[in-house]
Structure formats: C-alpha cells, structure tokens
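Asker: Sequence:
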Amino acid sequence: MTASVEWLPVGHVPHGYRRVFVIKQNQKLRHVINLAHMPYEWVFRVKEMAGVEGVEDPALWWGLSVIVSLVAKGTLLGAANLDTADDGYLQIRPLEPMKDELISLTAYQEALRVGVFVFSY
973 MTASVEWLPV GHVPHGYRRV FVIKQNQKLR HVINLAHMPY EWVFRVKEMA GVEGVEDPAL
1033 WWGLSVIVSL VAKGTLLGAA NLDTADDGYL QIRPLEPMKD ELISLTAYQE ALRVGVFVFS
1093 Y
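Note that the numbering used here has the sequence shown beginning at 973, numbered continuously upward.
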C-alpha cells in the first residue's frame, strides 16, 4: 500500500513546536495528526543529526519520521486502533528522536522539494 503525508506550516506551543500532518492512504484521507509538543532542545538535536549537509526544517524531518514509525507499528493505517478517534484525529507526543529512527535525509529533502512525502508500507 502507498501512503502520502502532507503538512501544515509550523506552529509554536509554549515550550516547542507543534506539527500537524495529513495522512492519506491510496489518495483517501485517513488521519490528521497533531505532534505536540516537540521541545526546542530535541528539534535542535535533530538539526545536529543532519551533520554538515544541514536540514532546513528539523521539526518536519523528525515529524515525518514519527509518522513512518507509527505506520510501521500499526498505530496508523492499520487495523482498528482503539486509540484513534472516529474522525481520524490523533494527538501524539513524540519521544526523543534517535538518528537511526529518522527517515533518510535524501527522502526528507525530496519531500520538502515536492511538498508531500510518499512511501510504501
């Protein structure tokens, strides 16, 4: 199956970032995800993980990686998940990011260029 992820502009909460993602499965809207809060310190660590290549929007790179992880674990786009509201809205407080949990920098940069992240699972 194929999923696509679009995102709204970055928002701020008192102690970090908030990212909102729209998840579609085979072009059908499935979820709206609010990742809140993404602490400034953790977003800065994600920026450092990019190394010399750099990353324009570390909160977006981290957020896309969280979405891919949630799909892989079956939390999103899986069978009936009791934690997901009837309207498909799910609020997640992400855990501290680890470099091996991030999508490739190349995949992130391509998503940023085209404005959507598409992946198969």
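Please keep in mind that the hints were generated in silico from the structure rather than gathered at the bench. Note that the structure is a prediction, hence the values are computed from the model and not measured. Ideal placement from N, C-alpha and C gives every residue a C-beta, glycine not left out. Just to be clear, a hint being listed does not mean it is correct.
[Claimed, not checked] With a straight-line cut-off of 30 Å between C-alpha atoms, the simulated BS3-like cross-links for lysine-lysine are:
#	residue 1	residue 2
1	Lys-996	Lys-1045
2	Lys-1000	Lys-1045
3	Lys-1071	Lys-1019
4	Lys-1019	Lys-996
5	Lys-1071	Lys-996
6	Lys-1045	Lys-1071
7	Lys-1019	Lys-1045
[Stated by the list, open to error] The following label-pair restraints were derived from C-beta to C-beta distances:
#	residue 1	residue 2	range
8	Val-1024	Arg-1065	13 to 21 Å
9	Gly-1023	Arg-1085	36 to 44 Å
10	Glu-1020	Met-973	31 to 39 Å
11	Ser-976	Tyr-1012	26 to 34 Å
12	Val-1088	Gly-1046	30 to 38 Å
Asker: So, for every hint listed, does it hold in this structure?
Answerer: Hints, one by one, checked against the model:
As the CA atoms of Lys-996 and Lys-1045 are separated by approximately 17 Å, the hinted pair is consistent with the 30 Å bound. Between Lys-1000 and Lys-1045 the alpha-carbon distance is near 20 Å, which keeps this suggested pair within the 30 Å criterion. The straight-line distance between the Cα atoms of Lys-1071 and Lys-1019 is roughly 10 Å, inside the 30 Å bound, and the hint therefore holds. For the hint linking Lys-1019 to Lys-996, the alpha-carbon distance of about 27 Å falls within 30 Å, and the restraint holds.
A threshold of 30 Å between alpha carbons decides the hint, and for Lys-1071 with Lys-996 the separation of about 26 Å falls inside it, so the pair holds. A C-alpha spacing of about 18 Å is found between Lys-1045 and Lys-1071, which places the hinted pair at or below 30 Å, so the restraint holds. For the proposed pair Lys-1019 and Lys-1045, the alpha carbon gap of about 25 Å is at most 30 Å, so the pair holds. Separated by about 31 Å at the C-beta atoms, Val-1024 and Arg-1065 break the suggested range of 13 to 21 Å.
Remark: the range hint 36 to 44 Å for Gly-1023 to Arg-1085 is contradicted by a beta-carbon distance near 19 Å. Range check, Glu-1020 to Met-973: about 34 Å between beta-carbon atoms, so the 31 to 39 Å window is met. Range check, Ser-976 to Tyr-1012: Cβ separation about 28 Å, and the 26 to 34 Å hint holds. Val-1088 and Gly-1046 have their C-beta atoms about 23 Å apart, which leaves the hinted 30 to 38 Å range violated.
When held up to the earlier numbered hints, the structure conflicts with 8, 9 and 12 and fits the remainder.
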